[in-house]
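Enquirer: Here is how the chains run, residue by residue.
Number of protein chains: 2
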Amino acid sequence: MISRFKRLLIGRPMKSAELEGEKLSKLKALAVLSSDALSSVAYGTEQILLVLMAAGFAAVWYSIPISIAVLGLLLILIISYRQTIFAYPKGGGAYVVAKDNLGVSTGLLAGGSLLVDYILTVAVSSSAGTDAITSAFPSLHDHRVSIALIMIVFLTVMNLRGIGESASVLAYPVYLFVGAIFVLIIAGVVKVIVGGVHADVPEIGTAVSNISLFMLLKAFSSGCSALTGVEAVSNAIPNFKKPAERNAATTLIMMGSILGAMFIGISLLAYWYGIVPSATETVVSQIANATFGRGVLYYAIQGITALILFLAANTAYSAFPLLAFMLAKDKYMPHAFMVRGDRLGFSNGIIFLGVFSALLVVLFHGDTENLIPLYAVGVFIPFTLSQLGMMVRWIKLKPANWGVGLTVNTIGMLTTLIITLIFIFTKFSQIWMVFIFLPIVIIGFYKINRHYMNTADELRINIDKEKPAIKGSTIVVPVAGITKVVLQSISYAKSLTDNVVAVYVGFDEEEIERLEKKWEEWNPGVRLIVLRSSYRSIIRPLVRFIETVEWKTQETDHITVLIPQFITKHWWHNILHNQSSLLLRAYLFTQKDVVIATVPYRLHR
Amino acid sequence: MISRFKRLLIGRPMKSAELEGEKLSKLKALAVLSSDALSSVAYGTEQILLVLMAAGFAAVWYSIPISIAVLGLLLILIISYRQTIFAYPKGGGAYVVAKDNLGVSTGLLAGGSLLVDYILTVAVSSSAGTDAITSAFPSLHDHRVSIALIMIVFLTVMNLRGIGESASVLAYPVYLFVGAIFVLIIAGVVKVIVGGVHADVPEIGTAVSNISLFMLLKAFSSGCSALTGVEAVSNAIPNFKKPAERNAATTLIMMGSILGAMFIGISLLAYWYGIVPSATETVVSQIANATFGRGVLYYAIQGITALILFLAANTAYSAFPLLAFMLAKDKYMPHAFMVRGDRLGFSNGIIFLGVFSALLVVLFHGDTENLIPLYAVGVFIPFTLSQLGMMVRWIKLKPANWGVGLTVNTIGMLTTLIITLIFIFTKFSQIWMVFIFLPIVIIGFYKINRHYMNTADELRINIDKEKPAIKGSTIVVPVAGITKVVLQSISYAKSLTDNVVAVYVGFDEEEIERLEKKWEEWNPGVRLIVLRSSYRSIIRPLVRFIETVEWKTQETDHITVLIPQFITKHWWHNILHNQSSLLLRAYLFTQKDVVIATVPYRLHR
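Chains A and B are the protein sequences, given in the same order. Take 0 as the starting number for the first sequence in numbering that gives the first Met the number 0 and just add one per residue. Take 0 as the starting number for the second sequence in numbering that gives the first Met the number 0 and just add one per residue.
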């Protein structure tokens, strides 16, 4: 029944060979991997304006040079990650690059922050998308957390069904969003050119008395939160159709160009329209309102924006399981993250991501404000480490034109480092938990690694010397009466060895006598040993008995305990049986060094 | 770790022989078994007045004759249940009496309604107690459900610790409550006698124009909800110290006398003071206020009233597990309800009651109004059936003075039957779910019974003819490489039989070749069979292989699958291992007719 439900939800299992068919074309990859980056257009400009407004309306013109600076950083990141794609064609996320060039610890730091960050991506994006919906329909405000959770469940199920199918479903909204924003920008620019906008905005270069370099840097770093998600492509190269590197590089440049154009377009329109951030209406909403009025086009843009924010979460569903797979392959995360599910996705990673992001949404009541700074720090730490790694690589390998590459990465590294430091100094009260949580994650990685290494050492054998050895065997059959189950268990045990003992744990003298007599009559060729129990437990006397057997056979024999278990015809019949055998199994197995043989008895009625 | 926590919560395990020591003395039994009945004083009079007030203030004098009628019914119930105690010294709840005299179906109807009713007792009492607290401290109103749940958890844990200890803790509040109510009544009566009360109340016998017989009967039946809990003593006879019947009968009479005196006292004071039920203050609170003013004594009475309502829930914790035990002994409920826990209580019944009443509290948001009618119907159905059963018994056995007994039970039966019918006709919209839920419970009883009977038939053997038979044996050892675990498994398997096959499920040709070569080098004396899998599952190929073995051995052999399982040093290491072996176990065991032998491998690091 459960398996049928799973089939309905997830779809039929697929062969390993079908994996190639699940690979992404460039256009599909753009949809799957870039929604996180592109969706940041919805709030990037707003973040800059929010900081600048602290210095008064006269300061808003700074948004233009700052946006251009962010654009410059985007260019640096794109060029740098393009270099990374060709240097690491098997998937060059910050984890791989940092580990390769800066050592394991740094790699784990990058990997750990990215893992945490993907969880935050899902939490932030689904909450922000919910915000967009509830802003349009205030009556849904009380159901914020539920809406975000429904979206997370939906995304989890879609991803369990497989990447290819998710892409088909999710590609259109991304294209729609890009189309809608471009229509908005073009219509807005036309309106400005024909003179339809009459805003009294400060001219570029106007002197502002109370602005400081610190404030400008803070605005710049806030604007940089729009660059989260850029790394997704270089992490996911193995998901691309062949030639994977070339396709990934092209996709990265496509994504960078679209993102840059949309971001600068929105920033320019916001400046020309003289738009000021408001608590009740987003900047994009104000631009759309000013351009089209509150008609069909306005609501379409708002709806599509909400949708793209939900899809941004989907980027993490591609990236998290792959990164977890890589960490698991290097034995820093449980092997379970390496298993591909029926539909070829890394199911455990997908489920883990879904559960933990849902938890974050519930804990933070779907409140994005406190999550976003954590999210940005989580991105810029691996950005910095990745570029530092690339710098080391240029210096070590010295390929042709290495000076240019080194320069690009050095500029990128310094910029991202500064942004990280600005985040830490200006927003420490919101991000301090990163500095508690990250060390825990990294210690966890090391502990897991050590355990796997120790286990491998422990299990290794010398095939020349260590060969199987034959020993004696004693089989213990606990019985509760004389039934078909006991008949079957004893038949099985006697087929394996002559050393079979039946054990009965009795509480009541009368019952003990009755059973002993009946056993004698039956005469199954196996000795019955009766243990008297003054507690109601059958486990304790049995354990003592097994200890006696162990002592008598002086560790020369294998001891096997046969435990019959009913296979019932209907699942609910299980409630009526098997409790004590389950307890006995669990206890004996973990406490004593015995083999537990579970003998099925199929009930037919 | 879990077991240490359990020890701390529940206490050390006790020997079966300590059971006698846990038996109840009369005074302790009064505390444990009568809090449900006695606590109804807190609302009995109020229920009557609420109905009468529909006919105006002039009708309140009817509360006196109605209270006397309720008192009469109480007398009838006490006498009747006293007869039951002596007729059924092993515990004569409605279930036993009805089953014995009216047939199994009627018994199950009585038993089922009582079980449901005990769950309702806990839900209603804990909610009503919470109401009393939150009325005194309105700031706690938002935490109603949490407070009720905390009380349920507390009661569950106390009862898991054992009845005796619960009684010691819980006896004092019951005595305090009885003391407090008697102090209140005596002080009130003195105040009335010395002329300190000046209320203009309608004289007894005043003509009331719009009162009907129906309304009087409705008021009477509402008042009868104060009699819930009277049956507890006769159900719990085996819990009494010897001579159990005599002690139980004495306890029953003590309880009846105290309940009757308190009930009529409160009714009289309410009448003399001219008290009218109010939405914001209970009748008892109004009486206490009028007698003592809002001082220490007033708050003490309110607090003790709240406490006694929580303890009323405790009655169900004694009664429910015993009734479930009786039904389980008759094979109408799962055997699990027959198991005594470490502290000699029927742990499963206690936990079941706690979980389901907590569920009801959550579902009804701790709202008593909709639960109380269900609760009353659930009590009066078994009351009626029990007395009908006693009537049949008198007629069948005809002991000395059987005419008197028959008359008592006939009057009681008719009265409770009429009350049940009045409940059904006047409050159908609130109690209809009983008529859906009860049949489901009773069908469940029958299904469970049939399953146990069928199983017993199926397992019965003819000890003269059916003897253990020795057959061949094949042991299948799934391997993933050549490690100490495989060495151990093969050593074990070869110690039992020569028919051992190692099976490797491979996904990758290179790895398969490498393993085959290494196996040859190792030469453990066991053939390695390689299965190629085009899915990632190792279960499917293995199942097909086992089917081949089954077919080859033509069902003459037992097939055993050896599954190694790591016993890790730290519990969290389990996350790192064992997933696939657990899946394999579960699947093979339920789908194929093979013995699963789980071989422990203890990791030391």
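Worth flagging that the hints you see were computed from the coordinates, not collected in a lab. One or more of the hints may lead you astray.
[Said to hold, decoys possible] Calculated cross-link-like contacts (lysine-lysine; reagent style DSSO-like; alpha-carbon spacing at most 30 Å):
no. : chain 1 : residue 1 : chain 2 : residue 2
1   : A       : K470      : B       : K493
2   : B       : K470      : B       : K591
3   : A       : K568      : B       : K493
4   : A       : K516      : B       : K22
5   : B       : K551      : A       : K568
Owing to the predicted nature of the structure, the values given are computational and were not obtained by experimental measurement.
Enquirer: Does each hint fit the structure? Answer for all of them.
Expert: Right, here's what the structure says about each hint:
1. A:K470 / B:K493: Answer holds: K470 (chain A) to K493 (chain B) is near 8 Å, not above 30 Å.
2. B:K470 / B:K591: holds, 18 Å
3. A:K568 / B:K493: violated, 34 Å
4. A:K516 / B:K22: Outside the cut-off at roughly 35 Å; violated.
5. B:K551 / A:K568: holds, 27 Å
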